[in-house]
Amino acid sequence: DQQVKQNSPSLSVQEGRISILNCDYTNSMFDYFLWYKKYPAEGPTFLISISSIKDKNEDGRFTVFLNKSAKHLSLHIVPSQPGDSAVYFCVQGGSEKLVFGKGTKLTVNP
Amino acid sequence: SAVISQKPSRDICQRGTSLTIQCQVDSQVTMMFWYRQQPGQSLTLIATANQGSEATYESGFVIDKFPISRPNLTFSTLTVSNMSPEDSSIYLCSVPRGDGYTFGSGTRLTVV
Numbered sequence: 001d002q003q004v005k006q007n008s009p010s011l012s013v014q015e016g017r018i019s020i021l022n023c024d025y026t027n028s029m030f031d032y033f034l035w036y037k038k039y040p041a042e043g044p045t046f047l048i049s050i051s052s053i054k055d056k057n058e059d060g061r062f063t064v065f066l067n068k069s070a071k072h073l074s075l076h077i078v079p080s081q082p083g084d085s086a087v088y089f090c091v092q093g094g095s096e097k098l099v100f101g102k103g104t105k106l107t108v109n110p
Numbered sequence: 111s112a113v114i115s116q117k118p119s120r121d122i123c124q125r126g127t128s129l130t131i132q133c134q135v136d137s138q139v140t141m142m143f144w145y146r147q148q149p150g151q152s153l154t155l156i157a158t159a160n161q162g163s164e165a166t167y168e169s170g171f172v173i174d175k176f177p178i179s180r181p182n183l184t185f186s187t188l189t190v191s192n193m194s195p196e197d198s199s200i201y202l203c204s205v206p207r208g209d210g211y212t213f214g215s216g217t218r219l220t221v222v
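So the sequence lines, in the order shown, correspond to chains A and B. With the first letter of the first sequence counted as 1, position 19 gets the number 19 in my numbering; the numbers rise by one all the way through. Throughout, my numbering is defined as the position within the second sequence, counted from one, plus 110.
One or more of the hints may lead you astray.
[Claimed, not checked] The calculated SDA-like cross-link candidates involving lysine to any residue, where the alpha carbons are at most 25 Å apart (straight line), are:
no., chain 1, residue 1, chain 2, residue 2
1, A, K105, B, S169
2, A, K97, B, V222
3, A, K5, B, I122
4, A, K68, A, N22
5, A, K71, A, Q14
6, A, K71, A, G16
7, A, K102, B, Q151
Hints are computed from structural coordinates only; laboratory data are not their basis.
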């Protein structure tokens, strides 16, 4: 049973619009979440994180929202750019071990 | 953030053979992590490699199949032994860095 679920394997949006990537988790014990972006033939790169003392963290075009009661977080990208096209992984941390979701492939169309 | 050099980037191997993957970090780190991403799956932690001690393996992974070396604080290897087609995956190393972790570029392994 997956601890971190990204139910949308893919998402397509138009350039300039908002991209919303969703993630659900089951284990409330670990309260630190990260988003990673992965381009083909490259390793994942860190994008943004959030700890449970916050419900929002913003960095430029990227904002992560955390709803602890719903065990849900989302990554908002606005405005979306073609260079944002990649696979996005929702990751649960807080211990030494990271738990990854399966990823959502985002395609931003010009 | 840390720079990790991972080799090889890809390989095609015969079943029954072994492949050793190397990761070199540009600074000293206490812990290094090895992950596997099977096709269509999420990244899964194989083991944690600490310098000077045996690696700690996650459930479902054993040392005989995935021996790990950690001779110093900047280098580690993962060997995929006695390979079968089910071992075809992307293998990545990772080290803690700041708010997150830095990953190597990955090794895409195909076993035929």
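Requested in this report: Assess, step by step, whether the Cα of A/K71 is no farther than 25 Å from the Cα of A/Q14, and give holds or violated.
Outcome: violated (28 Å)
Report task. Would you mind confirming whether the straight-line C-alpha gap from A/K102 to B/Q151 stays at or under 25 Å? Result -> holds (5 Å)
Query raised in the report: Given the hinted pair A/K5 and B/I122, is their alpha-carbon gap at most 25 Å?
Result: Judged against 25 Å, a Cα distance of about 31 Å means the pair is violated.
Query raised in the report: Under the criterion that the straight-line Cα-Cα distance not exceed 25 Å, is the pair A/K68, A/N22 satisfied?
Result: The hint holds at about 14 Å.
Query raised in the report: Quick one, are A/K71 and A/G16 close enough, alpha carbons at most 25 Å?
Result: Distance of about 29 Å is beyond 25 Å: violated.
Query raised in the report: Is it true that the CA of A/K97 sits at most 25 Å from the CA of B/V222?
Result: violated (31 Å)
**Report entry** Hint consistency between A/K105 and B/S169 [alpha-carbon to alpha-carbon, up to 25 Å]
**Finding:** violated (28 Å)
Hint compliance for this structure: hints 1, 2, 3, 5 and 6 are not met, and every other hint is.
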